[in-house]
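Undergrad: Chains as they are written, first to last, in this note's numbering: chain A, 1 to 503; chain B, 1001 to 1503.
Derived from the structure by calculation, the hints contain no laboratory data. Every residue gets a Cβ at the ideal spot worked out from N, C-alpha and C, and that includes glycine. Among the clues, some could well be false.
Stated by the list, open to error - With the Cβ distance kept under 10 Å, some of the chain B side facing chain A (calculated, not the full set): (1) Gln1015; (2) Thr1021; (3) Met1026; (4) Pro1036; (5) Gly1039; (6) Ala1048; (7) Val1050; (8) Asp1225; (9) Gly1229; (10) Asp1232; (11) Val1242.
Protein chains: 2
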Amino acid sequence: MTGQTAYQELEALFQKVHHFTHLSSMAYWDSATMMPPGGSKARGQALAEVSSLINDLVGSRKTGDLIEKAETARDGLSDWQQANLREMQRQHFNASSVNSELVRAHALASSRCENAWRELRMENNWKDFEPLLSEVIDLTREQAAIRSEASGLSPYDALLNLYEPGQSSSTIDTVFARLKAYLPDFVKQTVEQQKGEVLIRPSGSFPREKQRALALDLMKAVGFDFNHGRLDSSHHPFCGGVPEDVRITTRYTEDDFSESLMGVLHETGHAKYDQGLPGAWLSQPVGQPRGMGIHESQSLFQEMQVCRSHAFLSFAGPLMAAHLSNPETPNACWEADNLYRLYNHVQPDYIRVNADEASYPLHVILRYELEKDLVNGNLKVRDIPEAWDEKMQEYLGLSTRDNYRDGCMQDIHWTHGMFGYFPTYTLGAMNAAQLYHAARKAIPNLEEQISRGDFEALNHWQSQAIWSWGSYYSIDELMLQGTGETLNPDYFIHHLQQRFSPL
Amino acid sequence: MTGQTAYQELEALFQKVHHFTHLSSMAYWDSATMMPPGGSKARGQALAEVSSLINDLVGSRKTGDLIEKAETARDGLSDWQQANLREMQRQHFNASSVNSELVRAHALASSRCENAWRELRMENNWKDFEPLLSEVIDLTREQAAIRSEASGLSPYDALLNLYEPGQSSSTIDTVFARLKAYLPDFVKQTVEQQKGEVLIRPSGSFPREKQRALALDLMKAVGFDFNHGRLDSSHHPFCGGVPEDVRITTRYTEDDFSESLMGVLHETGHAKYDQGLPGAWLSQPVGQPRGMGIHESQSLFQEMQVCRSHAFLSFAGPLMAAHLSNPETPNACWEADNLYRLYNHVQPDYIRVNADEASYPLHVILRYELEKDLVNGNLKVRDIPEAWDEKMQEYLGLSTRDNYRDGCMQDIHWTHGMFGYFPTYTLGAMNAAQLYHAARKAIPNLEEQISRGDFEALNHWQSQAIWSWGSYYSIDELMLQGTGETLNPDYFIHHLQQRFSPL
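Just chain A, same shape as in the assembly:
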């Protein structure tokens, strides 16, 4: 077999993987949005089966041999094919390090834990949740040890690299130390400074259907492609599905539309990245998103940089009024100045997904520190609630004692076996600030366009800067080509200072 033939065989193999990933993604989406409770056991088994099949296909000895063979023909491959081969190699390494039985056991335990969590969180029931989470963490640690051995990275870094290829916890420690030094005081100052602000909160009841209609209008305005995606409801909002059919979800609270509204715009940012991936390469590793820090940068670009800006809120205000007005919402509450103050109000609170932009990184740092300790064995599952409470008190001045529901049981990630994922949220926030800075330089009247609801130039810029590259570049290269430099946290700090300076 020639190296060229080997490469062609690899493309065919990864196309097959793409098809199975499609079924798996859709079945996962369904389990969170549509599935009746009685279906969860069978679903968990089916998801574990296909996850194990995908791991077998990507991680097989045969795939490894084909990659080795294809490497000999590297010079005859196009640039994109070479990048594709590099990504195949990375996926093969990740898949082959861990045997499929362990992958399967991990998927099964995660599915059990996640399904139980939906109920147990509602009941604030830590006691019954703890053993299920322990099982997931034991299997995660087993995986981490094996991946560490194979990669030469620390166990935690070996997991982190699944989501953020090429990043290390020592880099993150440095950046996070800076934020940890800066943010608690900044949060306090901002709270102090905002005390005098007059906020007109829209009150009354906002029926789900009206919130949904507004969300659909705004998704359409910013460029979500409804021919290749939809919006539904789930306990924990997420962006799922496949690039050809992106499924985003939200949850509605009838007495407060703001949670769902910004949540939808956030997931829309993720969705636009998926929908904008390079069409010719969707079935191949190089056509996939470039890590979760970049993915999160696109959701935060949408939510934080664009949709919480004064320009966007002056465009969205009238639409919000049209959908949500009721006798308890004076016209003044829909004015841009008021919405801007509302949507950029700093108030330390329990729930990460509802956190303001300034306290959010502190939620992430808390989780990052705890999960490093969990993976390294320095923290026992039974001690999570206490450790959580301590750090919440230290970083945000809040106690979560006996409040598991709004404390350590609020997120889906650990239940789902995802460790090493949380830091990507804050890497994303920093990437987003840097990217938006570059977009403003490239599009001189950007804010005026946004205030008119015209996102064409911006979407085009994002497509050229990020979306259309898939995994062609490394993370550093991608940021370099998109913004002219690699990650520089100054932009994020600067953005926060601007965002929270008085109007």
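Given the coordinates of chain A, assemble chain B onto it according to the supplied hints.
TA: Same frame as chain A, but now just chain B:
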């Protein structure tokens, strides 16, 4: 390897197949209910991939060898294991006769044709539909020829056996000839006799949400398990999903609730069969439904035998009134006598799924005759509309000239590559009449129970007679153990005479 070990390996293999079938069924359901149009190409490819994988697993040489080996230990297997092995053998034979490339091509062409059909039918566009259907039929004929060669059956019978193991078109020809001789005159007489009936038709608008709420109430009343299933909307109603999570669909017409109402109860009959399959054997071939004629007998048992009866309508009337009353619906229209006349009104019409019980078999016979000719090469795709029109005129006195939408483009089956399926509808109707006759003998006050909305004894009887047996028995054995005799069309003829005699 011992025969016992081989059998155990086969169970593990078919469990894996069960998991992939789960993903495939759910993705199919999604494509009909949730998927945006732009997702259809990727979905078609993913469905074809898993269909080909399942075919490979079930049809592989290795599976054949394991079956042969397990046969040597047959005496050491339990009765259920022996029946399971027989069903494995049957599935292996069906899967191994046709190579996976052809299965894949057939699945892809079907997916393309079905997806296009959704639009083209709306547009009454036969011209663009014809080449897509031709492609499906060519690949179907190719399959039929190979299956015929392998089984020694005629090409059409080889396809029929995929849905109705052990049946032949010569038996069906005989039974259908009898119905064809009896029904056209019976339909005419009944139309004549019903002419003097006063029907009070509920008119006005019946919002989808109210129709849905009524449907959910009735599904619950007759025993649909919502912990293991749900109700949604699609172009063509169907019962899909998996036994652990049964998904039924309907379509709503706001000016006529009756179409959706009886459609939902029909699919509920299918669903209850799936939900009632033997729990311990769900992942194995012997735990699957016993052919489509029996499956259809359960939907028609629910719809025709139970829900269109006077007893049921006297129970359902008040519920219907509670959900659907409006200024244009006088109280008298919800009375059992009136509903009975409405729901048993004979009126030859174009659409099979809306047909009354007496003309329905004539719709089936038309399709059966055409599809036999299509498979045998005696009818060209381009001649379908003319042949359809001719037979409609002959059997039901209706012309479908230039009306493809309500003629040969009304059904999903052929677009989806299902040939040999249609006759099972009428086999089902006959089985249903025979089973209901047996149930009445077994439960003396059955109709009184139904009129009170009490379905416990009846569901228990159906479970014992049919559901809990899965594929343990052959079709003939199953009818014998459930009713005391094999299929006897007298019960169906007798049922029609009773049903359409004046109140």
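Undergrad: Does each hint fit the structure? Answer for all of them.
TA: We went through each hint and held it up to the structure:
Interface restraint check: Gln1015 (chain B) against chain A, minimum CB-CB distance 8 Å, threshold 10 Å, status holds. At a threshold of 10 Å, the smallest CB-CB gap from Thr1021 (chain B) to chain A is about 9 Å, leaving the interface hint in force. For Met1026 (chain B), the shortest C-beta to C-beta distance to chain A is roughly 5 Å, which falls under 10 Å, so the interface hint holds. Proximity of Pro1036 (chain B) to chain A holds as hinted, the smallest CB-CB distance being about 6 Å (cut-off 10 Å).
The beta carbon of Gly1039 (chain B) is positioned within 10 Å of a beta carbon in chain A (closest approach about 3 Å), and the interface hint is therefore held. Interface restraint check for Ala1048 (chain B): the shortest CB-CB distance to chain A comes to about 8 Å, inside 10 Å, so the restraint holds. A least Cβ separation of about 6 Å between Val1050 (chain B) and chain A falls short of the 10 Å threshold, and the interface hint therefore holds. Residue-level restraint check for Asp1225 (chain B) holds (minimum Cβ-Cβ distance to chain A is 7 Å; threshold 10 Å).
Interface hint at Gly1229 (chain B): satisfied, since its Cβ lies 6 Å from the closest Cβ of chain A, which is below the 10 Å cut-off. Nearest Cβ of chain A to the Cβ of Asp1232 (chain B): about 8 Å, under the 10 Å cut. The hint holds. Restraint check, Val1242 (chain B) versus chain A: the minimum CB separation of about 6 Å is within 10 Å; hint holds.
When each numbered hint is compared with the structure, no violation occurs for any of them.
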